[in-house]
Amino acid sequence: MQFSFQNKMMGSLRIWLIYTFIFTALATVVIGMMSMDRSNEHKLQGMWREVSWEYEKMDTDVQKSDGAWSINEKQKLEISEGLSIHEAETWSFSKDGTLELYRNNQLLSELTWKIKGRGHILKLIGKDDKAEHYQIQKLGDNLMEIHFNTDLQVRGIVKMTFVRS
Amino acid sequence: MLRRYSSSRTLGDNLRLGALTAFSAGMVNVISVIIFFAFTSNVTGHYAVLAEEISKGNWYQAGVVATWVMSFCFGGFVSNLVIINYTKKNPYLTHGIPVLLEIVCLVITGSYIQFYYQETLVETEVLVGLMLFAMGLQNGLTASISNSAVKTTHLTGLTTDLGMLLSMFTKKEFRKKKALVAKAKIQMAIMLSYLTGGIAAGYTYNTVGYNVFYIVCLFLLLVLFYDYSRITVIRFMLKRRQLPVINYIYSIRKKRALYSKP
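In order, the protein sequences belong to chains A and B. When the letters of the first sequence are read in order and numbered with numbering that gives the first Met the number 0, they come out as residues 0 to 164. When the letters of the second sequence are read in order and numbered with numbering that gives the first Met the number 0, they come out as residues 0 to 261.
Do not take every clue at face value.
Mimicking DMTMM-like on lysine to aspartate or glutamate, the simulated pairs with C-alpha atoms at most 20 Å apart in a straight line are [as the list claims (entries may be wrong)]:
#	chain 1	residue 1	chain 2	residue 2
1	A	Lys42	B	Asp160
2	A	Lys137	B	Glu51
3	A	Lys137	A	Glu77
4	B	Lys55	A	Glu77
5	A	Lys126	B	Glu51
6	A	Lys158	A	Glu77
7	A	Lys115	B	Glu118
Residues from chain A shown here face chain B by an in silico Cβ test under 10 Å; the list is partial [claimed, not checked]:
#	residue
8	Ala26
9	Met32
10	Glu40
11	His132
12	Lys137
Derived coverage of chain B by chain A (criterion: at least 3 residues anywhere in the stretch with Cβ under 8 Å from a Cβ of chain A; other residues may be distant) [said to hold, decoys possible]:
#	region
13	35–41
14	178–192
By construction, these hints were calculated from the structure, which means they are not laboratory data. As the structure is a computational prediction, the values presented were derived from the model and not from experiment. Glycine included, each C-beta is placed from N, C-alpha and C at the ideal position.
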């Protein structure tokens, strides 16, 4: 009787040990993965300079004339009309959550920035509390690529590329 | 809805449980997408994202998504652990614990967002994890007590099954099978409830804002108290039958029935 009780206790203890081991191993792997990298909230902080604007869908004749996916200045202004990022060429993300937009070293506007989801959505809030959302596609130490959907005549995703300045 | 277990459950029990919990799951999912830009009830997508982040070398994001997947899994673990250990003692109370825990998680999330949320990434990650845990609890509970007939957040599998069933119903022999028809009814109910819940959450959020979490909790309380009210009514009826006057009338009726027999 006592022997079977001892066996039962040992079995139960063994199961708990196995579960604790699995849980600890998983937690260690996850913590290890996360410690190898920084969150996008930290990576984003600093000054970023716009390098290019491209879009995935273009009218065929426009494609032929340009020979590339890139957008010229006039098209860029047309697409970004109504957006807070309108006419900006340098973006400065501060730790306190403010985003300053510059053109020719002149401050154009000040916004608030937040990172959402798993760190893949950049939310910009203007002074009138109007929010804009951009998808962070790539975010490295020196290169950032963000996308936004537009329903203007380009009908598709606009890809904006930045380098750290 | 909650007090019956496994094979003793009726189609009505599963339909009610599936419809109500799927409605709340649909609401939670849409709310989390609106507020956090992250899904909290469909884990299939998270597995895909996890693989993508690992392949890109985004280790921090991969870690976050892995934690979310584990939160959902842990929810199912806790739910079923409670059920397999205590269901014989008091099925209703045991099956109510995961729902209560889910309500607690949702109240914490809703209250935190309402009073403290600064929209930092860490807050988002933790709150999404908590909501995934809540959804894991719910899915674990419904799947466990219904013998996997009801899975309220598992719409990939459900849609596949429904497609298969609908193809089977093109043959008369399958249309006659009550079990298959019942299964189709449950799946249709879950699918429609999940969708309706999502639409309702989208509309409600525009009106009541973060209070939408409390509305979800009300639906879960309905799940809890439906059975409680039924149990109370049954107990009341049984007590009434023990009253002397009732017993007297009952015995007269019994005698009459006895003498009226040929």
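Hinted pair A:Lys137 and B:Glu51, Cα distance within 20 Å = holds, 12 Å
Does the structure keep A:Lys42 and B:Asp160 at a Cα separation of 20 Å or less?
-> violated, 44 Å
A:His132 as chain B interface residue, shortest Cβ-Cβ below 10 Å | holds, 8 Å
Given the hint that A:Lys115 pairs with B:Glu118, test it: the Cα-Cα distance must not exceed 20 Å.
-> holds, 8 Å
Can you take a look at whether the region 35–41 of chain B is actually covered by chain A? Rule is 3+ residues, C-beta closer than 8 Å.
-> holds (count 3)
Pairwise hint evaluation, A:Glu77 against A:Lys137, where the allowed Cα distance is 20 Å at most | Between A:Lys137 and A:Glu77 the Cα gap is close to 25 Å, so the pair fails against 20 Å, i.e. violated.
Does the structure keep B:Lys55 and A:Glu77 at a Cα separation of 20 Å or less?
-> Violated, at about 33 Å.
Regarding the hint that A:Lys137 lies at the interface with chain B, is the smallest CB-CB distance below 10 Å?
-> Holds, because the Cβ-Cβ distance from A:Lys137 to chain B comes to roughly 8 Å (cut-off 10 Å).
Chain B contact restraint on A:Glu40 - CB to CB distance below 10 Å | For A:Glu40, the interface hint holds, since the closest Cβ of chain B sits about 4 Å away, which is under 10 Å.
Mind checking, does the region 178–192 of chain B have 3 or more residues with a CB under 8 Å from chain A?
-> violated (count 0)
May I ask you to test the interface hint for A:Met32 with respect to chain B, counting a Cβ-Cβ separation under 10 Å as satisfied?
-> Since chain B brings a Cβ to about 4 Å from A:Met32, closer than 10 Å, the hint holds.
Please work out if A:Lys126 and B:Glu51 have their alpha carbons no farther apart than 20 Å.
-> violated, 35 Å
This entry does not satisfy hints 1, 3, 4, 5, 14, going by the numbered hints stated previously.
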